[in-house]
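Those protein sequences? They're chains A and B, same order as listed.
Residue numbering for the first sequence follows the UniProt record's numbering, beginning at 1 and increasing consecutively.
Residue numbering for the second sequence follows the UniProt record's numbering, beginning at 1 and increasing consecutively.
No lab work stands behind these hints: they were computed from the structure.
Be aware that one or more of the hints could be misleading.
What the hints assert, rightly or not - Using 25 Å as the maximum straight-line C-alpha spacing, the simulated SDA-like pairs for lysine to any residue come out as follows:
1. B:Lys33 - A:Arg278
2. B:Lys33 - A:Ser64
3. B:Lys33 - A:Asp91
4. B:Lys131 - B:Asp143
5. B:Lys156 - A:Ala276
This structure is a prediction, so every number in the text was calculated from the model and none was measured.
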Amino acid sequence: MSEHVTSESVSQPEREREPLSGGRPVLEAEGIVVEYGRRPALRAVDGVGLAVAAGEVVALVGESGCGKSSLARAIVGIEKRKAGVVRLNGDDVPTLGLRRRSAAMTGMQMVFQDPNSSLNPRRRVGDQIGDGVRAALARGDRGSDPADWLRRVGLDPAMVSRFPHEFSGGQKQRIAIARALAARPGMLVADEPISALDASTQTSVAALMRSLSVEAGAGMLFISHDLSVVRRIADRVLVMYQGRVVESGVTETVWQNPLHPYTRALLAAIPLPDGAGRLPVAPAETDRAAWLDDVPAALERTTV
Amino acid sequence: MSSSIDPAALTIEGLRIATRSHTIVGGIDLALKRGGIHGLAGESGSGKTMTALAVLGLLPGSMTASGSIRLADAEGPASTELVGASRGVLQGVRGRRVAMVFQDPSTSLHPQLPVGRQLTDHMRHHLGLGKAEARQKAEALLDRVRVPDARGALSKYPHQFSGGQRQRIAIAVALACDPTVLLADEPTTALDVTVQAGVLQLLRELADGGDLSILLVTHDLGVMSAVADEVTVMRQGLVVESAPREQLFTSPQDDYTRSLLAALPGSSFEQTGEEAR
Ligand SMILES: Nc1ncnc2c1ncn2[C@@H]1O[C@H](COP(=O)(O)OP(=O)(O)O)[C@@H](O)[C@H]1O
Ligand SMILES: Nc1ncnc2c1ncn2[C@@H]1O[C@H](COP(=O)(O)OP(=O)(O)O)[C@@H](O)[C@H]1O
Ligand SMILES: [Mg+2]
Ligand SMILES: [Mg+2]
């Protein structure tokens, strides 16, 4: 039961479909502010807006502590927003606990970094995927067969009656993805879904997430610090630094010609597996001051 | 220096690691050249960490090692066999001649002791240095790993530093007794890419100094490509391929190595995707 998906299934251009960027956004967020504590409050997210269209993958990147998880939680409504609004298909997303979210809000699903903490160790994986199916039915959407979801995430459908501990980390994450997708969400928010997996599995799980969400016509916000994977699967990218989006737009445009100094430093620091023995560029401490600059031209970058 | 000096700082031959019921590492060979960085790659669970732990005689109690791991003397042709070595021999090796750093720097740092104490305790205990001398050397070490304001850093606690600085400090602690071999197990995996770049530069500088050989365990082939001189790829407890860096990345001989490279964006083996347009 190898998790190595061979080259033909992972190396195809994952972004071959055109994003439906002209379409109405599934998710819209405006002016999101998240603060922790008081006197002085720590502003983790400092006025971020974004929109994700159906069938579109938007990546969120930036160094640890820049506010990615806080923004993700504020979007799905499990973190209190100090300011800002979030709409899913035009409906306001309230802030509530994960378990108390209303039926309509199961239309937005989240995938977390650690599948061990999101899967219940004492329930069969088929039953847990069944939770997703029931959520779809409760919203009046189509039902589906858990075994079929296992097949779609690359696992043996006969494994529905197994328990999570019988799977490797990468396989568990596939199960968590199956459960999220079984709920037929219009929007998937994935916070570092591949970080806990080993390298060979990371690329294939990310590619799988893209193809399944695009196929389902769902939007996806994909948070990752693996920039190579982001380049491969995201239609658009948001680069965050200290709570703010400093650069955004079409992934390939940002990669080819980053305009914000933080994006430039970030991309220059990626070591390429080309065998050339080139050390990536490490930014100096003194470079950081410029990373706080506003570069209006770096926002909402389009093709060309 | 003797002309018969061993070109390898560490020589692993026919290393097997097993529990009662399972073979974890099934007989591997690996030679770590003096002053070089030898990368050890492979999927998770392939036995990389256990191989490194075997060098220090720190395998879990349920595992036994057989075969040979020879640590060459810094000067001269003699070497020390580490497989089956006595506690006394291993204690003289650990932290002194061979040191280790981990993915999570907290593993090697004591949270309640100032950084200076952690460095000086080590040197006073192992090297018998006096207080003032140890402090001076500790400051020099922090300078060497580029911790800003080395003198001020001596009296701070680990939690007062960022993740990248903590990893530099863990490396300084590892280097305190001038080891000839550094085992670095996923040392940059938990770091941001901008911070990782600095730590990779540091590892390269340390190896280029000539007196330190580094076994770099990483699943990240970008990292491998940036700093390793030689690369060994493991799978399921066996070595599938071992070659100089450039050769491994440009003409891998093994199918598994090829599949790893093909799965990576930016490698010369990536199949033409939209980047090729
Ligand atoms: N529950 C919390 N309470 C207090 N501070 C928090 C909390 N969660 C995050 N933070 C702080 O908010 C900032 C952003 O954190 P986070 O959103 O987790 O960033 P990222 O996901 O980009 O690493 C950090 O400074 C972090 O320490
Ligand atoms: N304490 C332990 N007891 C028994 N088996 C273990 C223990 N730790 C690791 N293993 C097993 O040893 C094998 C090799 O593990 P490891 O060397 O940690 O792999 P890697 O570092 O390449 O990811 C794995 O199959 C793992 O499950
Ligand atoms: Mg986070
Ligand atoms: Mg390991």
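Hints, verified against the model:
no.	hint	result
1	B:Lys33 - A:Arg278	holds, 20 Å
2	B:Lys33 - A:Ser64	violated, 35 Å
3	B:Lys33 - A:Asp91	violated, 63 Å
4	B:Lys131 - B:Asp143	holds, 18 Å
5	B:Lys156 - A:Ala276	violated, 39 Å
Of the numbered hints stated above, those contradicted by the structure are hints 2, 3 and 5, listed in ascending order.
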